[in-house]
Amino acid sequence: MKDQIKQWLQQGKVDIFLGYKMVEGHPLPHFFVKDRLYEVDELVTGPIRYPLEKLAIRLAAEDPEVKIGLLVRDCNRRALNVLFLWHQLNPDNVMSIPVNCCPSNLADQANCSLLKPEKAGPYKEMVGIDNNISIEEAKGFDQEERLRRWTYEFDKCIKCYGCRDACPVCFCKECSLEHHALVKTGDLPVDIPIFHLVRAVHMAGRCIDCGLCEEACPMDIPLRLLYKMVNQIVLNVFKYNPGIDSVQSPFNMLGDEVTLEPKGLNAA
Amino acid sequence: MNGKIVPSVCSYCGTGCGVLFQVVNGKLVGTMPLKTHPVNEGKLCIKGWHLHEYVNSPTRLRSPLIKMNGRFRQATWDKALHFASDRLKAIIEKYGPDSVGVLVSAKITNEENYLAQKFARAAIGTNNVDHCARL
Ligand code: SF4
Ligand code: SF4
Ligand code: SF4
Ligand code: SF4
Chain A
-2 MKDQIKQWLQ QGKVDIFLGY KMVEGHPLPH FFVKDRLYEV DELVTGPIRY
48 PLEKLAIRLA AEDPEVKIGL LVRDCNRRAL NVLFLWHQLN PDNVMSIPVN
98 CCPSNLADQA NCSLLKPEKA GPYKEMVGID NNISIEEAKG FDQEERLRRW
148 TYEFDKCIKC YGCRDACPVC FCKECSLEHH ALVKTGDLPV DIPIFHLVRA
198 VHMAGRCIDC GLCEEACPMD IPLRLLYKMV NQIVLNVFKY NPGIDSVQSP
248 FNMLGDEVTL EPKGLNAA
Chain B
1045 MNGKIVPSVC SYCGTGCGVL FQVVNGKLVG TMPLKTHPVN EGKLCIKGWH
1095 LHEYVNSPTR LRSPLIKMNG RFRQATWDKA LHFASDRLKA IIEKYGPDSV
1145 GVLVSAKITN EENYLAQKFA RAAIGTNNVD HCARL
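Protein chains in written order, with our numbering: chain A, -2 to 265; chain B, 1045 to 1179.
Hints listed in this document are in silico derivations from the structure and should not be mistaken for laboratory results. On a predicted model such as this, the values are computed, not experimentally measured, just so you know. Worth double-checking, as some hints may not be accurate.
Straight line, CA to CA, 20 angstroms or less: simulated SDA-like cross-link-like pairs of lysine to any residue [said to hold, decoys possible]: (1) A:Lys136 x A:Arg146; (2) B:Lys1123 x B:Leu1105; (3) B:Lys1048 x A:Lys170; (4) A:Lys170 x B:Glu1097; (5) A:Lys10 x B:Asn1046.
To give an idea of the chain B side of the interface with chain A (calculated C-beta under 7 angstroms), a few residues [to be verified]: (6) Met1045; (7) Gly1047; (8) Lys1048; (9) Val1067; (10) Val1073; (11) Lys1079; (12) Thr1080; (13) Gly1086; (14) Cys1089; (15) Ile1090; (16) Trp1093; (17) Arg1106; (18) Val1173.
All C-beta atoms, glycine included, are put in the ideal place defined by N, C-alpha and C.
The following block holds chain A by itself, in its conformation from the complex (with noise of 0.2 angstroms):
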């Protein structure tokens, strides 16, 4: 693998390679490039996962011309094929490198910090949604403890906007979570459910599961989850699996014109 890349790097086939490397002890993601080839030895994989994608698009934005190479786990790869879809990075400037993650005897580690999820603590399984419970638990509560329970945990929301801003397929330029006439500024708690819903709604046929939301959330809301029951419509109404079909969302209504530009680089 790091044969490979550092191949990639001196023959220009890519001109940054976004992947990981120990910072005194913390794994940071790091761009590799060919002025510096030896980092490419120290380059490491493990459980911990950031929005490598996300980088590229900040690259992208910057200069549309740059080659990027990067790791690639699963959700990685899922979320690429979505912004490929959305315009968002030009399939033509990006190789990848494909990481094991999943748990197999086949493979020398299971690799996914989703491998272990935290424990709900009692309160919370008394009173909020256990993030790590399936579709068919959550929808077991009726109805009414259903969204007596959501609210719990949409109720201690602190409007930090982690959960997009660490989403790999969250990159529209106006977001309407910012829209004053859908979610008011300085109010806390937020708008319920109109945030987490209209976040829910955006993630139909976009959200690929990555969980990485959830793990920047502070508030421990099972963000996940949620837009998996949401995904779920989609799959059983449309046939349709974002990240794994290599279609266009059944929500992308606006056609491909829609301007979805990346973000200028002053921007929030």
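Dock chain B with the ligands against chain A, hints included.
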């Protein structure tokens, strides 16, 4: 095209969350939480997520200002420091060291806070040291 990721600590409050700055072509373009940081474990509040904005803000103060005749004027560091020390000396001479108070901050490091109290006690000679969180 060049870029790098720079680990740092959020300077907005005393929690001290670990952050990663994204630098592209020498310009700070984004902030992410540091996932393996023991304090914030990959999470940030909205201030932390937007650290890069104040660094690049056009209204950011880039040099000291001295207020003269009711108006702030730009000054060099040397000039500002001399001005401050002259005024402090004059005030201490006239009203005594306890006429001065030193306010420290959660936004600076432990070591800088230590230096600030040392400055108050050893250089100025007062125990009037307090913290922004108690104001
Ligand atoms: S799981 Fe969360 S972070 Fe990942 S694609 Fe879906 S919404 Fe975005
Ligand atoms: S998909 Fe929705 S939540 Fe995400 S950036 Fe776009 S408008 Fe915002
Ligand atoms: S990450 Fe969690 S707390 Fe932050 S805005 Fe999203 S749901 Fe709310
Ligand atoms: S991210 Fe928020 S909580 Fe963390 S240090 Fe910065 S201001 Fe404080």
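Hints versus structure:
Between Lys136 (chain A) and Arg146 (chain A), the direct Cα distance comes to roughly 11 angstroms. Compliance with the 20 angstroms bound is thereby established for this hinted pair. A hinted pair counts as satisfied when its Cα atoms are at most 20 angstroms apart, and Lys1123 (chain B) with Leu1105 (chain B) qualifies at roughly 16 angstroms. The hinted pair formed by Lys1048 (chain B) and Lys170 (chain A) fails the criterion: a straight-line CA distance of about 24 angstroms is larger than 20 angstroms. Annotation: proposed proximity of Lys170 (chain A) to Glu1097 (chain B) holds, straight-line Cα distance about 16 angstroms (limit 20 angstroms).
At roughly 16 angstroms between alpha-carbon atoms, Lys10 (chain A) and Asn1046 (chain B) fall within 20 angstroms of each other, so this suggested pair holds. Proximity of Met1045 (chain B) to chain A holds as hinted, the smallest CB-CB distance being about 5 angstroms (cut-off 7 angstroms). Checking Gly1047 (chain B) against chain A: minimum C-beta separation of about 5 angstroms stays under 7 angstroms; hint holds. For the restraint placing Lys1048 (chain B) at the interface with chain A, the shortest Cβ-Cβ distance is roughly 6 angstroms, inside the 7 angstroms limit, so the hint holds.
The beta carbon of Val1067 (chain B) comes no nearer than 9 angstroms to any beta carbon in chain A, farther than 7 angstroms, and the hint placing it at the interface is violated. Hint status for Val1073 (chain B): holds, given a least beta-carbon distance of 5 angstroms to chain A, under 7 angstroms. Using the Cβ-Cβ criterion of 7 angstroms, the hint placing Lys1079 (chain B) at the interface with chain A is satisfied: the shortest such distance is roughly 5 angstroms. Checking Thr1080 (chain B) against chain A by beta carbon gives a least distance of about 5 angstroms; that is within 7 angstroms, so the hint holds.
Because the closest C-beta pair between Gly1086 (chain B) and chain A is about 5 angstroms apart, less than 7 angstroms, the hint holds. At about 5 angstroms, the closest approach between the beta carbon of Cys1089 (chain B) and any beta carbon in chain A falls short of 7 angstroms, and the interface hint on this residue holds. Proximity of Ile1090 (chain B) to chain A holds as hinted, the smallest CB-CB distance being about 5 angstroms (cut-off 7 angstroms). The interface hint given for Trp1093 (chain B) holds, since its Cβ lies 5 angstroms from the closest Cβ of chain A, which is under the 7 angstroms cut-off.
Given the 7 angstroms rule on beta carbons, the hint for Arg1106 (chain B) is violated: about 17 angstroms separates it from the nearest Cβ of chain A. Taking 7 angstroms as the C-beta contact cut-off toward chain A, the hint placing Val1173 (chain B) at the interface is violated, the least distance being around 32 angstroms.
When the structure is compared with the earlier hints, violations turn up for hints 3, 9, 17, 18 and for no others.
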